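Going down the list, the protein sequences come from chains E and G.
Residue numbers for the first sequence, in our numbering: 1 to 274.
Residue numbers for the second sequence, in our numbering: 1 to 274.
In short, the hints are calculated from the structure, not lab data.
For clarity, every value in this text was computed on a predicted model and none was experimentally measured.
Don't take every hint at face value.
No copy is singled out in the list; a pair is fine if it fits within one copy or between any two copies.
[To be verified] Straight line, CA to CA, 20 Å or less: simulated SDA-like cross-link-like pairs of lysine to any residue: (1) LYS183 - PRO110; (2) LYS183 - ALA112; (3) LYS183 - GLY99; (4) LYS62 - GLU264; (5) LYS62 - VAL13; (6) LYS183 - PRO113.
There are 2 protein chains.
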Amino acid sequence: METVSENRAFGGVQGVYRHASTACGCDMTFAVYLPPEAEDGPVPCLWYLSGLTCTHENAMTKAGAQGFAADYGLALVFPDTSPRGPGVADDEAYDLGQGAGFYVDATEAPWAPHFRMESYVTEELAQLVAAEFPVDPGRFGITGHSMGGHGALTLAMRHPERYASLSALAPIAHPAGSDWGQKQLGAYLGANASVWAEHDAALLLRSRGWHGEILVDQGSDDQFIDLLQPEALAAALAETRTPHMMRIQPGYDHSYFFVASVIEEHIAWHAARL
Amino acid sequence: METVSENRAFGGVQGVYRHASTACGCDMTFAVYLPPEAEDGPVPCLWYLSGLTCTHENAMTKAGAQGFAADYGLALVFPDTSPRGPGVADDEAYDLGQGAGFYVDATEAPWAPHFRMESYVTEELAQLVAAEFPVDPGRFGITGHSMGGHGALTLAMRHPERYASLSALAPIAHPAGSDWGQKQLGAYLGANASVWAEHDAALLLRSRGWHGEILVDQGSDDQFIDLLQPEALAAALAETRTPHMMRIQPGYDHSYFFVASVIEEHIAWHAARL
Chain E
1 METVSENRAF GGVQGVYRHA STACGCDMTF AVYLPPEAED GPVPCLWYLS GLTCTHENAM
61 TKAGAQGFAA DYGLALVFPD TSPRGPGVAD DEAYDLGQGA GFYVDATEAP WAPHFRMESY
121 VTEELAQLVA AEFPVDPGRF GITGHSMGGH GALTLAMRHP ERYASLSALA PIAHPAGSDW
181 GQKQLGAYLG ANASVWAEHD AALLLRSRGW HGEILVDQGS DDQFIDLLQP EALAAALAET
241 RTPHMMRIQP GYDHSYFFVA SVIEEHIAWH AARL
Chain G
1 METVSENRAF GGVQGVYRHA STACGCDMTF AVYLPPEAED GPVPCLWYLS GLTCTHENAM
61 TKAGAQGFAA DYGLALVFPD TSPRGPGVAD DEAYDLGQGA GFYVDATEAP WAPHFRMESY
121 VTEELAQLVA AEFPVDPGRF GITGHSMGGH GALTLAMRHP ERYASLSALA PIAHPAGSDW
181 GQKQLGAYLG ANASVWAEHD AALLLRSRGW HGEILVDQGS DDQFIDLLQP EALAAALAET
241 RTPHMMRIQP GYDHSYFFVA SVIEEHIAWH AARL
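Using the sequences plus the hints, can you model the full thing?
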């Protein structure tokens, strides 16, 4: 693992690191924020998964999360959203290929050799972060925005032993029933809709459920709300009687201004449960 | 004035606007954050001037200021750092021309026709913001980072009737004695060093002084600290016995991670004095 940069932030350290990923078969870049408390021993750790077109950098610079992570004594991890590089398959569309990994392990050509973001996030990077940083792997939480909200919800429900707390911001809630999902799940996993159901938050909640509580925030004026389908997740949360807090926040859109406006409450939510 | 975008943020509105500037002779873009309190009437307003290479956007997206502005009931204004456009003079260097206006009114060719950032910020944009937004022009404060810290300090001391409170983050403190300043003040204002002294924070503090208190924050590990020369400002503050708080913060560098780490204290500082 190589250090790309480290900056003092809120008494802790915001770092960017690069490593050769076995899961993705390419170099991967990620960011870790360590709060001041990490100097005294392992701290709980919140994983933040980003949305379409993002890298490790967007949330690191625009979510305003580090100050609250310092207040609550949480580390933050910002993975990239896909494998990258000249040898990695890509597509001209912004919502497929590089920058759009959808947090699945692809089985279809040309994606299968590198697009293994589920294994990367939940196994390889989780182990690397636990080995290299003063974080407690028994106290990992996960959240994310948009495609990353989809990733947080589905990875948590598929790997409940890995994550102790869960929230999502404007998640793609029902990709198997949306143009943000059918295209990508079809490309990465093939045409079988029963496979897609294993990577769809609203459907997974009904099939596997979640062992804890879930916090979901969604802006009422989100320009992509018809693609996100929060109503599918709300119905599944209510009908499965899963302990949760689901909010439609009036006036907010899909931007990082929304993420920044609610990130403190998400960090506090995870801190209270880790 | 034209609205480029408006996003709900922390219960208020983060807007970006464009207008035809008389002072600069080109279209100028700026950002305004209005806190929820602005719905009930005029609020005090903090002007944030940005550094080299920045536009209105950098601090708007990376400083994490809006949440604290909402908490303290302050509006924020983020001007651009120079005139821009194909008809505007420029230089290949990152630190001269577009993106590097240095908050002066240029008198020299080829800069004089457009590079009038002092008049633009202190007069034209101040009047526009006061006319178009629910802010109280009697309660304007000013701050900024790097070149923008230079701008905040020098514009406040040159226009004390305009600004009631003042702070700076990692400011270019003594441009008349630094490679970050001599080149630009020479290009924009000519070779006469006595003219430069009228745009140098450390020198202005000795010649004109400031009617209030000044807060200055500087990172100890700032990679540009030799260009910024905080020691010149510290000496001037102490020797003129100007009420102030000057801090060298251990471990911080010149990045927005430093700005974000201390912005709450700057907003609180201005709120208490506006």
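Checklist entry - Checking LYS183 and PRO113: alpha-carbon separation at most 20 Å within a copy, between copies, both or neither? => result For LYS183 and PRO113, only the intra-copy Cα distance (19 Å) is at most 20 Å; the inter-copy one is 53 Å.
Checklist entry - Between copies, within a copy, both or neither: which fits LYS62 and GLU264 at Cα up to 20 Å? => result Both, since 13 Å and 16 Å are each at most 20 Å.
Next on the checklist: Within, between, both or neither: how does the pair LYS183, ALA112 come out at a Cα-Cα threshold of 20 Å?
Outcome noted: This pair counts as within: shortest intra-copy Cα distance 16 Å, inter-copy 54 Å.
Checklist entry - Is it within, between, both or neither when you check LYS183 against GLY99 at 20 Å Cα-Cα? => result within (15 Å within a copy, 41 Å between copies)
Item to check | LYS183 and PRO110: within-copy, between-copy, both or neither at 20 Å Cα | outcome: Intra 14 Å, inter 53 Å, cutoff 20 Å: intra-copy only.
Checklist entry - Is it within, between, both, or neither for LYS62 and VAL13, if the alpha carbons may be no more than 20 Å apart? => result both (16 Å within a copy, 16 Å between copies)
Of the hints listed earlier, there is not a single one the structure fails to meet.
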